[in-house]
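2 protein chains.
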Amino acid sequence: MNYPSSLIEEAVNELSKFPGIGKKSALRMVLFLLKQEEAEVVKMGDAIIKLRKEIKFCTRCNNVSDAELCNICENPKRDQQTICVVEDLRDVMAIENTNQFHGTYHVLGGLINPIQGIGPEQLKIDSLIKRVKETDAKEIIMALSANMEGDTTVFYLSRKLQTLPVKISTISRGIAVGGELEYADEITLGRSILGRIPYSV
Amino acid sequence: MNYPSSLIEEAVNELSKFPGIGKKSALRMVLFLLKQEEAEVVKMGDAIIKLRKEIKFCTRCNNVSDAELCNICENPKRDQQTICVVEDLRDVMAIENTNQFHGTYHVLGGLINPIQGIGPEQLKIDSLIKRVKETDAKEIIMALSANMEGDTTVFYLSRKLQTLPVKISTISRGIAVGGELEYADEITLGRSILGRIPYSV
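So the protein sequences, as listed, match chains A and B. Sequential numbering of the first sequence, starting at 1, is according to my numbering. Sequential numbering of the second sequence, starting at 1, is according to my numbering.
Just so you know, these hints were derived from the structure itself, not from any lab. Do not rely on the hints blindly, as some may be mistaken.
Said to hold, decoys possible - Straight-line alpha carbon distances no greater than 30 Å define the calculated DSS-like cross-link-like pairs of lysine-lysine that follow:
1) A/35 with B/43
2) B/138 with B/77
3) B/138 with A/17
4) B/35 with A/53
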């Protein structure tokens, strides 16, 4: 496409690097930026640059943090011996929003995905093993996506951890709360029957 | 939502200002940025800021431009007396891509929309009238969207221009080339019958 200005072309090329943003959406974003006050746009550009330059990662759990240790790792009320393994910080935020978990997290930074060239060495797996040993962890909860990459990563981690005296669990899979049986897919329904739990009143 | 870092919160707030980008999409964009090289992110932030700071608008047609006059207005091969009125630069790019138009443009910067508080005085209408008088324009082609705002703007412009010796036309509406009659909506089909043209071989 021919852009009327090299500045527009450059901004479109940069913004279309975002996942899910094509050239047309990027051009829409550029038009939006042109209609904003200059100070607003400078604020946005600076926020992006500052984010990348100043962000820190917790040295214990690899979650993003403003300090050396994140709020969760630093909190004495959180159980340091129960570690929930997640893919990225969105999962931490989602689980924190439930208010049901009082342990700590370990952010892998991705899932094993040979097609995209992501192997165990690119993920924070060694630091997890080291942490399990050092903190004498009691339980590792695998809270990874229920797809091929998630299952592969859980399998790999469970093999790595099997020699250590730690309990390994995964979050339960089944019919969503409020979900109707007839609309559930077969695999989920099948798993929910195999993984049935005793009913108590 | 509770963000694990104020830097993330700020970047999410800034990115969710884009039209069609909510907090969840913005968080996805932030995660993408965190995985990029620092130099790449700085490049993106700078491109946004530079775009807004350095962009110029053609003093004649209001299209974006790297210089005082845009490439199209400056081109001696383009007919300065045939002016195509469009909403924004995306329309200029779309029409330029057809290679069917050899006149010049006038970018209004929006459409009359009382609900959003956009009146004629916010648009580049006065400069259009002035330009029509100064260049002794022969034809004004209205290439605006076929919705209420577009129709209102065309009506307003035609009233403003009616005392001047200039021909006013609008782009034709009808069934798309390659489109099938049975799938066309009634209004478009109705308009295409009312606006039928002589058939010539």
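Checklist line | Broken hints, by number | finding: 3
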